[in-house]
Structures are given as C-alpha cells and as structure tokens.
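The primary structure of each chain is shown beneath.
2 protein chains.
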Amino acid sequence: MSKKELKLGAFFMLPGHHVVAWRHPEAKAEHVLDFDFIKEQAMTAERGKFDMVFLADVLNAGATTSGFDQQCSVSFEPFTFLSSLAAVTKNIGLVGTVSTTYTEPFNVARQFASLDHLSKGRAGWNVVTSTGEETAHNFGQKETKHAERYERAEEFVDVAKKLWDSWEDDAICFNKETGQFADASKVHTINYEGKWLSVGGPLNIARPVQGHPVVVQAGSSEAGKELAAETAEVVFAAWQTLEDAQKFYRDLKGRMAKYGRNPDELKIMPGVYPIVGRTEEEAQLKRQQLLDLIPEAAGVARLSAQLGFDLSGYPVDGPLPELPNIEEVNGFKSRFQLVKEIADRENLTIRQLYQRIAGARGHREIIGTPEQIADQLQEWFENEAADGFNIMPPVFPTGLNDFVDLVIPELQKRGIFRTEYTGSTLRENLGLARPVNQFSKESVESK
Amino acid sequence: MSKKELKLGAFFMLPGHHVVAWRHPEAKAEHVLDFDFIKEQAMTAERGKFDMVFLADVLNAGATTSGFDQQCSVSFEPFTFLSSLAAVTKNIGLVGTVSTTYTEPFNVARQFASLDHLSKGRAGWNVVTSTGEETAHNFGQKETKHAERYERAEEFVDVAKKLWDSWEDDAICFNKETGQFADASKVHTINYEGKWLSVGGPLNIARPVQGHPVVVQAGSSEAGKELAAETAEVVFAAWQTLEDAQKFYRDLKGRMAKYGRNPDELKIMPGVYPIVGRTEEEAQLKRQQLLDLIPEAAGVARLSAQLGFDLSGYPVDGPLPELPNIEEVNGFKSRFQLVKEIADRENLTIRQLYQRIAGARGHREIIGTPEQIADQLQEWFENEAADGFNIMPPVFPTGLNDFVDLVIPELQKRGIFRTEYTGSTLRENLGLARPVNQFSKESVESK
Chain R
1 MSKKELKLGA FFMLPGHHVV AWRHPEAKAE HVLDFDFIKE QAMTAERGKF
51 DMVFLADVLN AGATTSGFDQ QCSVSFEPFT FLSSLAAVTK NIGLVGTVST
101 TYTEPFNVAR QFASLDHLSK GRAGWNVVTS TGEETAHNFG QKETKHAERY
151 ERAEEFVDVA KKLWDSWEDD AICFNKETGQ FADASKVHTI NYEGKWLSVG
201 GPLNIARPVQ GHPVVVQAGS SEAGKELAAE TAEVVFAAWQ TLEDAQKFYR
251 DLKGRMAKYG RNPDELKIMP GVYPIVGRTE EEAQLKRQQL LDLIPEAAGV
301 ARLSAQLGFD LSGYPVDGPL PELPNIEEVN GFKSRFQLVK EIADRENLTI
351 RQLYQRIAGA RGHREIIGTP EQIADQLQEW FENEAADGFN IMPPVFPTGL
401 NDFVDLVIPE LQKRGIFRTE YTGSTLRENL GLARPVNQFS KESVESK
Chain E
1 MSKKELKLGA FFMLPGHHVV AWRHPEAKAE HVLDFDFIKE QAMTAERGKF
51 DMVFLADVLN AGATTSGFDQ QCSVSFEPFT FLSSLAAVTK NIGLVGTVST
101 TYTEPFNVAR QFASLDHLSK GRAGWNVVTS TGEETAHNFG QKETKHAERY
151 ERAEEFVDVA KKLWDSWEDD AICFNKETGQ FADASKVHTI NYEGKWLSVG
201 GPLNIARPVQ GHPVVVQAGS SEAGKELAAE TAEVVFAAWQ TLEDAQKFYR
251 DLKGRMAKYG RNPDELKIMP GVYPIVGRTE EEAQLKRQQL LDLIPEAAGV
301 ARLSAQLGFD LSGYPVDGPL PELPNIEEVN GFKSRFQLVK EIADRENLTI
351 RQLYQRIAGA RGHREIIGTP EQIADQLQEW FENEAADGFN IMPPVFPTGL
401 NDFVDLVIPE LQKRGIFRTE YTGSTLRENL GLARPVNQFS KESVESK
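Chains as they are written, first to last, in UniProt numbering: chain R, 1 to 447; chain E, 1 to 447.
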C-alpha cells in the first residue's frame, strides 16, 4: 500500500439513521425485519469495499420514553443478524454491539468466537455498558452506577480475551492414529476471580480465526477513554468540528503509551451522516425532506433521550432550560456534553436543536456533492482527526447506495480508499496485528 | 394430507454422533468448525425434506472429564450456527438447544425471535437446564439442584412466551401520514415477578413469525415429563425398545389433558442412530469399523458421563459395579436409568456397554438396509411409540447422505413421509397451530 487508506464502517440501522426514517417515502414496513432486505444492504456495502457492517444495539424497546409510538423500536439482535450476513458475504467485517452489563462473559465470548469461525475471521465486538431503568428492569435489576458498569466491563473484556486464548492455536492435533484430538497441555482453564466476575473456562470452541475478534468501543467519557486506550482497536466517536475531533484523537492516542501500545493499534472512526446529491441543490432538497418528516413529539423525545433530561414540558420554539451539571448525569455523559455545546455555541431553540441532531443523533452531518463529501472526509483523515469513518445513511437503501455509487469512487480516485479487499480477515483489512496468545509457551516465556 | 406422515429431525453433531467420529477415515479436521461444510449438510437435510436441523449444546468443554483429549469438544454456538444456516436454506426448521440455567430470558427470547424473523418462521428452541460443576464454574456459580433448575426453567419459558407476545401481531401500524409507527396499546409490559425471575418487557423485536418459536424438550424425568406435558410441542427421547417407547408415549400424552392440551399438540420424536448399508453385510461392516475406533479411555469416560459415576478404576471387561440409587443422582436421571437397564437386561461388561452406547449415546441404534431401517421406523410410528424421529448420523457427511439418498425415498414410497414441504414455517410443517397472543383483546376477553 503506497498511500495511507481510510477505514469505513457501514452503520446499519433500519430503515435508516434519521429519527423517523420509516416515514420516508422509500421506507417500507416489510423492510424493518426482513432478511432479504438486510442481505441486499450487506452486499451493497461489500460492493463498496467497506471494512465492516456495524450494528448498534440496546436492551429495551424504549416503551417508557415519550414519543415511543412514533419511532421504530424493533430490530434484529446482533449475533443472529451478523451470523446470517456472514453466510452471504465474503469479505466485509461484522461488528456487533453487545453489552457487558446484563450478559455472561462465557456466553458472549463464545458467541463472538463462533461468529468469527463462521465468517472465517470477520467478527468485531463493540463493547458497551447498558444504562436506564427500563433496561435494568428487563433483567430484574436496579440501574447500576456509571463507574460500576465500567469496572465490570473492564473485567468482562479481560475474561473474554482469556477465554478466546484458552485454546492455543495449535491445541487441536486431530491425530487419528493415536486417538488424540486435543493436546490438553494447550487447553487452559482461566480461573478468573475478579470483583464482578468469576469464570473457570476453558471455552468450548477453538481460538477465533483472528485470535481475538476486533474490539471496538464508543464511549468517550473519561472512564471510556481510559478503557479504550487500554483495550480498544477501533473507536467510534461523535464529533462536530475538526478541532474537537483532533483534540479527542490526540488525547486518546496519547493515553496508549502507558499501556504499552502503539497509536497505530487503534483506529478512530467518527460517525458521519451523509446526505449526498448529484448537485448541492439536490442534497439540500433531500435534507429538507428529511427534516420535514420529524413529528414534534418524536423530536423532543429524541433530544430528551440524548440529554437524559425530559424536555416535554418546555416551549418547543424556546431555548433549552437550565440543565443539570454534567457530574450528575448517569447516562451518556459525552453525548450530553456534545449536544449541550451545540446548543450553547449556536444559540438554538429546542426545535432547531432536535432538527440538528435528529438524523445523525449527535454525529456529524455532511451535506453536498460526492466531491464535497470526499473533501470533508479527506480533511479530517489527513489532519489527525480520524483514521476512517462510520457511515450512517439517513435512509436505506438509497442513502447507502448513494454513498457506494457516488462517494466511494471519488475516494478511490483520490487514492485514499481501497479498490479491492487485500486481507482475508477484518483484522487484516484494518491493518491490526493478530494478538499473541497469552497462554502460549512463547508468550509465557517472554514475560 | 391423506395419510399421516412422520416428522424428521436431522441431529447435527460434527463430525458425527459416534463418540470418536473424528477418527473415522471420512472425518476431516477442517470440518469441525467450517461454515461451508455445515452449509452443505444443511442443504442435504433440506433436500431430504427434513422438518428440522437440530443442534445439541453444552456450556463447557468437558476439560475436567477423563478422556477429554480424545474427544471433539469444540463446536459452534447454536444462535450463530442456526442464523448462518437460515441465510442459505429456505424450508428446513432450525432448532437450537439453549439452557435456562445460565442465561437471561430477555436475551434468549430476543435471540429466538430474531432467528424466527431472519428465517421467516423456522426457529425452534430445545429447552434444557445445565448440570455439572465445570459448567457452573464457567458462570461463577455452584451447581444447582435438579428441582431448582426445573423451577427456573418453567418460569423462564413462561417469561419467554410473554415477551414474544409483548408485541401483538398487528402492533406495528407504520402509518406514515399520522406518524404513528406502533399502536402503544398493543405493546405490553409483562412485569413478571417469579421466584427466580423478574422481567419488565416489552421485547424490542416484533412478535415472531410463528407467534412463538416451536418449543422442544428432551427431559424424561418426572419433572421433565410434567414440564413437557404443559409446555412442549416436540419431545426428543431416548428409548431402546418398542415397549418402553410406547409406555413413555402414552404416559406423556396422557398428562396433557390436565393442562387443557390435545395429544396432537405435542410430537414425540425419539433419537435414532442409523447405520445404513446397501446390504446387511455392508451395514454390519460399517458398524464394526465404527466400534473399532473407540479408545478404551474414551469409551469408559463416555459411559461414566452417561451414568454420572466415574468408572475409570474398574476392570473394563468386568461387570458394572454397584451404582448409587437413582434418587441420589443429580444429573440426567432418565439417561442413568436407561443405561442401567440395558446393562442389567443384557448382562454386559463395561466394554460391551460403552460399545453399545458410544455411538448413539443411549439412543436407539438401527442397522441394516434402507428397507430394514424403514420397517423399524414405520413400526414405531404406526404403533404409538413415536410421531417421528431425530436422526443422528454416525459420521458426517456420509451418514446423512446415506439416510437422505437411501432411506428417505423408501419412506416416501410407503407414503409416510413428505415429498415436498407443504408449510412455509416449521410450525406448519410439524402440524402445530400458531399460538394465540395472551395479551390480545380476543384472548383476554375469552378468559
């Protein structure tokens, strides 16, 4: 590779990222939970040579939030969704969001290992923690504190890596003559005893093709940044301005040295919500069409969710009320801060603010011709603000088609994006090394 | 359908059901965790018009059992495995074994619902509980008692059904004009509060295509039979003789009336381990080849596991030692009893006994020509011993190919097995009704 190339994720959210994408003329009810439709989208993303399909996730229907009935709150579960796509794609990575708060590490490590084998090395795990009372109640629990969730998450990722390593790469000998299937000295119990987790092991599946599935994170709170610097290989982030993105990029990469890691071992990929037109006018028209879809209640509900503060009683054409201090927020701290900054900086009303964040959910909206969009992506990519982007089409299939058919060729023409897949695993395509097994003789001796 | 047809499951265990199938000349190391291989097997089963692929599961590698290194103890995880197969098949059902002991009902109900949507109505759940210290240790727990596991299982299935029903079939209105995505009055919290489980709901996915995925069970202990009579739609069982199978069949179907159920609402499908030859001699030769593969230690370990009693210290060509009373067994009670009965009835040594159960793991072995095998299946089917069978090929791919190419045509010729799929869902193919939603107005008013 002569020139550095950016990395791209295709962020799947059906029928689209716009808050009421389902109201768009193109959206169809039968697309919401249809395998044939997601298969077509995954094949489009693979045709565009995306590094990965990325699937977000939550563990509740949002039934307790206002505006519930106006939003699409049903979706596929990540492991089942990505495994079905593994069967009908060849090269694209498959990244699923899975919470560490209400799951068991043995089950999660095993499901990712299984997905990695099924896909021949294309699995990735977006590690998240789960917030909110509705979610807690779905698991018979009370909501846990931010710090506790992160402690458990850190242990959880540690346990998962040990379980993936519990079978060394050459543990299966398959010696028919001697009758030895496995070399038991290369299969390890992990006997993990942490503050939150206790796990024996070994796992009941061979080490993943990639060693470990690619570990992805999105949190950009202090605790989130430390965890990412220590363990993440890809970070999704939400930034509106080049300066903020650069600051985050330097901050995060700067924290890695103390964990013995090189900055290249982590790819930062901010979210981008592109509205592509063949002309500027067409792009602006598409944008207006999207804004006009938003019912007031849904817009206010979305903004309230982003802030963790119920705005439903306030005049929609007035300013934001006084908000709690960030230290008191027990939800998405970084998302709260980001939205509040936009409001303060641009002096927006509640309506203007929800229109501003409704589609992209706090991510960066880029509107224009393929060249204009490529310019903006290139600017961030070449100025230490991003190693790539997670593309969030407003509406499927058109938003994805537009990006693949119009923007990707422009990026390829500029030599900053691949024209063919070069690796056979997600890890190889991202330029990430295959982890050494922590239990192997070589690894233990070097300690 | 003029004549009653039997139901068939294809029990996938790779590389085969024989205890050391991996040593068979046909078995290949690369088949153990290879998607292309399982895809080929699923397509073969679908070509044979099987009702379902069935996948067993355990939550441990068996690393603490003797003979561990001689057995294939790595395999795909059920949800990922079945979802990948959903993408490459059209008609065959996809039944996964999932434990209720170390999982959360919200996650499991959701994954089955997602699989059911992805496969357009072909999901089934073999409900099991998990035993053993190695498994408990993988989840930071001590082993639980048989009765407690069943209590939790009963609550778990109840919760899952409520979660599947939490979205009524017509809850999604997708009214673009009014902006109403869902009718909130048709989306229900379940607020379940049991002895073991507490779950709020609703689920974050629409009601499964089948209403509920098909509920399958295997337990044949007293507690298992009661649970099956109340909730199961398919029961897998292990019986050696027509008399025992008939007794079980009558017993189980007789228990259904007190739960307001009709005997037809439950299909009993015993396991069958077929060794098919074009001649009797060929079949016997295949059988001997399989027996010769078993290393002594692996055979004794398998038998010990079946009995929950370590036989490794006893002379292998001597009789079984005195075994504990069945009331003291905290594992697979029914399997223990079955094996003990074979030993007592036929006066077998430990070696003879492990050779007898090694392949079929306590299920019924049928050896012979396609006609002979069809005769035996038909006898059970027509004499109230079975509604169908779960076929356990000794080695893949040949064992499955033999059954599909030689035995299925014989069953079809006799008019007791389908020549084409008639339903579009697993439920329809099995002849099971789609459950009424317990929260729908019609359902509530009839109470």
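These aren't lab readings, by the way, just hints derived from the structure by calculation.
Honestly, I wouldn't trust all of these hints.
Which copy is meant is left open, because identical chains are indistinguishable; a pair holds if it fits in one copy or across any two.
[To be verified] Simulated pairs of lysine-lysine, DSS-like, Cα-Cα distance not exceeding 30 Å:
1. LYS340 - LYS247
2. LYS145 - LYS39
3. LYS225 - LYS4
4. LYS120 - LYS258
Please read these numbers as outputs of a predicted model, since none were measured by experiment.
Now the hints, each set against the structure:
no., hint, result
1, LYS340 - LYS247, "within (18 Å within a copy, 70 Å between copies)"
2, LYS145 - LYS39, "neither (38 Å within a copy, 44 Å between copies)"
3, LYS225 - LYS4, "within (25 Å within a copy, 63 Å between copies)"
4, LYS120 - LYS258, "neither (33 Å within a copy, 50 Å between copies)"
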